[in-house]
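Could you build the full structure based on these sequences and the hints that come with them?
Order-wise, the sequence lines are chains X and V. For the first sequence, my numbering assigns the number 1 to the initial residue and increments by one for each residue that follows. For the second sequence, my numbering assigns the number 394 to the initial residue and increments by one for each residue that follows.
Derived from the structure by calculation, the hints contain no laboratory data. Glycine included, every Cβ here is placed at the ideal spot set by N, Cα and C. Careful, some of the hints might be misleading.
Stated by the list, open to error - Chain X side only, calculated, beta carbon under 7 Å to chain V, not exhaustive:
(1) Gln127
(2) Asp130
(3) Glu379
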Amino acid sequence: MSMLPAYYEFICPVKILSGRKALSNLPYELNLLGMHKPMVVTDQGIVKAKLLTRVTAALKDADIDIACLYDRTPPDSSDRVVNEVAVLYREKGCDGLIAVGGGSAIDTAKGVNIVVSHQTDDLLKFQGVDRLTAALAPLVVIPTTAGTGSEVTNVSVIYNETTHSKMAFMSNKLYPHVALLDPVMTQTMPPKITAATGMDALTHAVEAFTGLQKNPVSDAFALAAVRLVTQYLVAAVKDGDDLDARLAMANAALLAGVAFSNSMVGVVHAHAHATGGVAHVPHGVANSILLPFGMDYNLDKSAADLAALAPAMGIMAPGAGEREVAMKVIAAVRQLKADLKALCGLPETLSEAGVTRENIPDIARKAMDDGSLTYNPTEMTYEESLKFLAGAL
Amino acid sequence: MPDPHASTPMSVPVPRGQHLVRGAKYATCKASLLALGATFELVSAMVPEMKDEVSRWEDGRKVGIGVLPGGPFITIENRGGAIRYVGSGLKDTDLNVLFKNLDSAVLIFTGQLGSAQAVAENRVCVHGDNSKAMQVTRSLALVQTYLFPGIILRNTFKRPPALSASQLATKAAIMAMLVPKLAAISFR
Chain X
1 MSMLPAYYEF ICPVKILSGR KALSNLPYEL NLLGMHKPMV VTDQGIVKAK LLTRVTAALK
61 DADIDIACLY DRTPPDSSDR VVNEVAVLYR EKGCDGLIAV GGGSAIDTAK GVNIVVSHQT
121 DDLLKFQGVD RLTAALAPLV VIPTTAGTGS EVTNVSVIYN ETTHSKMAFM SNKLYPHVAL
181 LDPVMTQTMP PKITAATGMD ALTHAVEAFT GLQKNPVSDA FALAAVRLVT QYLVAAVKDG
241 DDLDARLAMA NAALLAGVAF SNSMVGVVHA HAHATGGVAH VPHGVANSIL LPFGMDYNLD
301 KSAADLAALA PAMGIMAPGA GEREVAMKVI AAVRQLKADL KALCGLPETL SEAGVTRENI
361 PDIARKAMDD GSLTYNPTEM TYEESLKFLA GAL
Chain V
394 MPDPHASTPM SVPVPRGQHL VRGAKYATCK ASLLALGATF ELVSAMVPEM KDEVSRWEDG
454 RKVGIGVLPG GPFITIENRG GAIRYVGSGL KDTDLNVLFK NLDSAVLIFT GQLGSAQAVA
514 ENRVCVHGDN SKAMQVTRSL ALVQTYLFPG IILRNTFKRP PALSASQLAT KAAIMAMLVP
574 KLAAISFR
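Have a look at this one:
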């Protein structure tokens, strides 16, 4: 594919704060946003890991009180939870949101923002692309995982408890105003979650770089993400107190998030979403397992793009042809998976993650209905999806 | 003395040619959407893959397809496993597949750009459930397979469909029935 597509769009309006003690800048940013009565959305895991106290300590330094704290966000955000939180937001007269956590807390905060800004409790009517009309309240995101990149995306996915389906909302209004990366906020992530979320970031970057919607701007972000994951993921898994590695991985996730927010993902994510829905495999684990299989599947159409990832992954292959280099890149990803399994037991196959042969038809059917497939460079039928999944079993 | 800083509404004259061009684009889209509606009906009645695809739609699903901001639009509906062209306009639709402007729609309707590439170039947006949109996208691909000549399919599909002899015969039958079908649905 030529470097310059016939037409593309790119946006990233998020202010990014990254570094040690970045949290100390939080009060200044809240003031710039006019946020004096913030609501904090987080989960019990963050509270128990004492990460929330770091945030409240930063706010206390500037005499800012949290107007309302919601710390019961479940692992999969739902419309019931969003509406519950929105009621609290209104009752306490909050004027902005701070999401502290992983993808679920961030998506919940984005969902709450839709509800409170549109004076509604019916999220269904905003499903789809560019459906939001009102300006949203200020949103600051402090991620505590280094994977989803939700701190720089314009998407929120909320589970609908009535229809038992996931609702996806995509709008440029959903971009957070500030993303704050402080390595202490990811320091307590256990090795296996560090590995899984790191591979999630790598998958975002690779799929953004090889998909139909790729463009030169998102490519730059994707390559930087791949470079950081290659250099720092294993170090972060081996030693969680390595703050340089933690900060690098947080940046990798953010950069990959910017990339895929602007050039989407593909076959790996389509199947990872479906695997999560059917067999409850965590998103990062599913992406990690499926990534090299997805790269293999796209090899014919994406050899040039895959080969272009080689320098970022430290692969030198002078004189080798494009396809050969692309295969070395795929092999490097398989090796990374093997290293992570040895270090922390991250599953390498679907069966290791608890997926059975009987799950495969359901997963394939769901994957066919996943919008990510549209952006995959290679067409995939239901029968091909069955084969793809069987290969990863 | 008029205040040079006062803001006054400015009417910028549009060349007459531009009106005609816009009119031609609108007419192309309107005719294409009508053809799409007619072909949807024919393909859902005659092509087994389409029947299989639509069998997963809930009965009564209404899908709008059209061009922002001001049309044209059509609505199609799943009635008992068969797609029926309801009429022009968006009529209580559950899901809308919308081209952002006439230029984008013309590119797709005239076979210059494939659906996947159109989505990748942000020329299309979906209002509604994404998974249902994917089902509609697949059915649209089947309709295009039986509507467009092979040369267009080769240029616009990620993997151009390879039709068997019997599928080619079905395609020929659909083409033969298209004009009478267009006449039949034109006044719905």
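Hints versus structure:
1. Gln127: holds, 6 Å
2. Asp130: holds, 6 Å
3. Glu379: This interface hint holds because 4 Å falls under the 7 Å limit.
In terms of the numbered hints stated before, the structure departs from none.
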